[in-house]
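Dock chain S against chain C, hints included.
Protein sequences, first through last, are from chains C and S. Read the first sequence against our numbering and you will find it ends at 277, with the numbers running on by one and no gaps. Read the second sequence against our numbering and you will find it ends at 947, with the numbers running on by one and no gaps.
Since the hints were derived computationally from the structure, they do not count as laboratory data. Keep in mind that a hint or two might mislead.
Label-pair ranges, simulated between beta-carbon atoms [stated by the list, open to error]:
#	chain 1	residue 1	chain 2	residue 2	range
1	C	D244	S	E811	31 to 39 Å
2	S	P809	C	K239	36 to 44 Å
3	S	A893	C	E143	43 to 51 Å
4	C	A120	S	I904	45 to 53 Å
5	C	M164	S	I904	27 to 35 Å
6	S	V810	C	G255	35 to 43 Å
7	S	P854	C	D186	36 to 44 Å
Now the stretches of chain S that chain C is said to cover, found in silico as 3 or more residues with beta-carbon under 8 Å [unchecked claim]:
#	stretch
8	735-749
9	760-766
10	774-780
11	794-808
12	852-864
For lysine to aspartate or glutamate, the following EDC-like pairs were computed, each having C-alpha atoms within a straight-line distance of at most 20 Å [as the list claims (entries may be wrong)]:
#	chain 1	residue 1	chain 2	residue 2
13	C	K239	C	D228
14	C	K239	C	D118
15	C	K139	C	E149
16	S	K857	C	D244
17	C	K271	S	E762
18	C	K232	S	D783
19	C	K271	C	D211
20	C	K262	C	D208
21	S	K857	C	D228
22	C	K262	S	D761
23	C	K139	C	D208
24	C	K161	C	E197
25	C	K161	C	D118
26	C	K239	S	D783
27	C	K161	S	E811
28	S	K857	S	D928
29	C	K239	C	E249
30	C	K262	S	D734
31	C	K232	S	D734
32	C	K139	C	E235
33	C	K227	C	E238
34	C	K227	S	D783
35	C	K139	C	D231
36	C	K262	S	E762
37	C	K271	C	E197
38	C	K262	C	E224
39	C	K161	C	E149
40	C	K271	S	D783
Note that this is a predicted model, so its numbers are computed, not measured. Ideal Cβ positions, reconstructed from N, Cα and C, are used throughout, including at glycine.
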Amino acid sequence: MVRSESVTRADKPGEASVSKLVGKDEMNGTAEWVAEMLLVASNSDEAAFAHLFGHFGPRVKAFLIKSGTEPAVAEECMQEVMATVWQKAHMFDPARASVATWIFTIARNRRIDILRRSRRPEPEDLPWGPEPEADPADAVSLQQESRILGEALKDLPDKQRELIEKAYFGDMTHGEIARVTGLPLGTIKSRIRLALEKLRQSMT
Amino acid sequence: MIRHHLSDALLMGYSAGQLPEAFNLVVASHISMCDECRARLASFDAVGGALLDASVDDLGESDAAVPESSLAATMARIRAAGPVERTRPQVAPRRGLLPAPLSRYVGGDLDAIRWKPVGGGVRQAILPTDKAASARLLFIPAGAAVPDHGHRGTELTLVLQGAFSDASERFGPGDLEIATAADEHSPVAEQGMDCICLAATDAPLKFNTLLPRMLQPFLRI
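Just chain C, same shape as in the assembly (with noise of 0.2 Å):
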């Protein structure tokens, strides 16, 4: 069994000790994607990577032609997004992001190019903490409020999903956008505020 196997791999000492802290029951995707990831960043292991492409490749497919791009070109656009994943491993932070929405991120620039959208410059960046790795613990939290965000947002009304959809994948004008209210994200704005809180003061 895949889920099996990558729990195995992730309990090597020194990589992954997220999923230590997450009991076998509760290991849910959210995680078990954290894992795999910091194994690519770790160990370039191409065996993690293969787990996450086949889980993420047709959803970054999927999120690409939702957005209007030919299938055919979208998937060469996977293809480079993934590859991106891959080079850019070491850069993803459990306790800012789970996977999804790291690639995601990366998905929607490279949608950006591809329908040639506005340029969108990308704000300062965070000095990295002299810690290599994220507090465990701020993963483990982290990784949680993005798999509740996940399910509220199935399970808000119809109406008010699509407009979100249409927002994230769709042609809005700032205008429209401003009529999509009601996302339960205090929470996770909490708890991110909080780990960005500690980053900045494990710098000074």
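Coordinates of chain S only, in the frame set by chain C:
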């Protein structure tokens, strides 16, 4: 202490990649100065992540089906690109006034800005962005006013140095004013320090006095 933040609509638009370049620049600059909005943006990105994760469910497997050869093709791309240096870049603390995304547009810090006078001691520098909206830096001498103007679209003004007051509200460094078509406003720079702002609008400003309106084509605002 930043009191005036990005709206949810701007954060969602930026996260989804739906804003014009000039607005993206204002959002990226504010986030560079404001961890509260950085965390809010991360939560909007998390919505994008959740939608990505669910994207296969409602599209159906067939359209998004990934051929068997796809992983091998991706690994070939990875090998063709050469080995990856897995070190995180060292980010030096900012020394100048301009946040990094803005500094890249200017080509340096304050001393690299090519100001043009627009009357009343006010100076501006138009930044190169796509035409869906325009961005410029504004220099307002301490105590001076920007001519009264309304808007046809949305105008974003981010304070970089000094402060200005508009109606009853004060905007200091890092604060963002969001003015819509309904707002007529005349910001006045606070005494004591010249005010420098980044402003972006998705429609030409309409000044309420004759002279500035005649100047508009030349000012490109």
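Here's how the hints hold up against the structure:
no.: 1; hint: C:D244 x S:E811: 31 to 39 Å; in the structure: holds (38 Å)
no.: 2; hint: S:P809 x C:K239: 36 to 44 Å; in the structure: holds (41 Å)
no.: 3; hint: S:A893 x C:E143: 43 to 51 Å; in the structure: holds (50 Å)
no.: 4; hint: C:A120 x S:I904: 45 to 53 Å; in the structure: holds (49 Å)
no.: 5; hint: C:M164 x S:I904: 27 to 35 Å; in the structure: holds (31 Å)
no.: 6; hint: S:V810 x C:G255: 35 to 43 Å; in the structure: holds (41 Å)
no.: 7; hint: S:P854 x C:D186: 36 to 44 Å; in the structure: violated (18 Å)
no.: 8; hint: 735-749; in the structure: holds (count 13)
no.: 9; hint: 760-766; in the structure: holds (count 5)
no.: 10; hint: 774-780; in the structure: holds (count 7)
no.: 11; hint: 794-808; in the structure: holds (count 8)
no.: 12; hint: 852-864; in the structure: holds (count 3)
no.: 13; hint: C:K239 x C:D228; in the structure: holds (17 Å)
no.: 14; hint: C:K239 x C:D118; in the structure: violated (36 Å)
no.: 15; hint: C:K139 x C:E149; in the structure: holds (15 Å)
no.: 16; hint: S:K857 x C:D244; in the structure: holds (17 Å)
no.: 17; hint: C:K271 x S:E762; in the structure: holds (13 Å)
no.: 18; hint: C:K232 x S:D783; in the structure: holds (17 Å)
no.: 19; hint: C:K271 x C:D211; in the structure: holds (10 Å)
no.: 20; hint: C:K262 x C:D208; in the structure: holds (17 Å)
no.: 21; hint: S:K857 x C:D228; in the structure: violated (39 Å)
no.: 22; hint: C:K262 x S:D761; in the structure: holds (11 Å)
no.: 23; hint: C:K139 x C:D208; in the structure: violated (36 Å)
no.: 24; hint: C:K161 x C:E197; in the structure: holds (17 Å)
no.: 25; hint: C:K161 x C:D118; in the structure: holds (13 Å)
no.: 26; hint: C:K239 x S:D783; in the structure: holds (16 Å)
no.: 27; hint: C:K161 x S:E811; in the structure: holds (9 Å)
no.: 28; hint: S:K857 x S:D928; in the structure: holds (9 Å)
no.: 29; hint: C:K239 x C:E249; in the structure: holds (10 Å)
no.: 30; hint: C:K262 x S:D734; in the structure: holds (12 Å)
no.: 31; hint: C:K232 x S:D734; in the structure: holds (19 Å)
no.: 32; hint: C:K139 x C:E235; in the structure: holds (12 Å)
no.: 33; hint: C:K227 x C:E238; in the structure: holds (11 Å)
no.: 34; hint: C:K227 x S:D783; in the structure: holds (11 Å)
no.: 35; hint: C:K139 x C:D231; in the structure: holds (17 Å)
no.: 36; hint: C:K262 x S:E762; in the structure: holds (9 Å)
no.: 37; hint: C:K271 x C:E197; in the structure: holds (18 Å)
no.: 38; hint: C:K262 x C:E224; in the structure: holds (16 Å)
no.: 39; hint: C:K161 x C:E149; in the structure: holds (18 Å)
no.: 40; hint: C:K271 x S:D783; in the structure: violated (37 Å)
Hints 7, 14, 21, 23 and 40, counting from the list given before, are not met by this structure.
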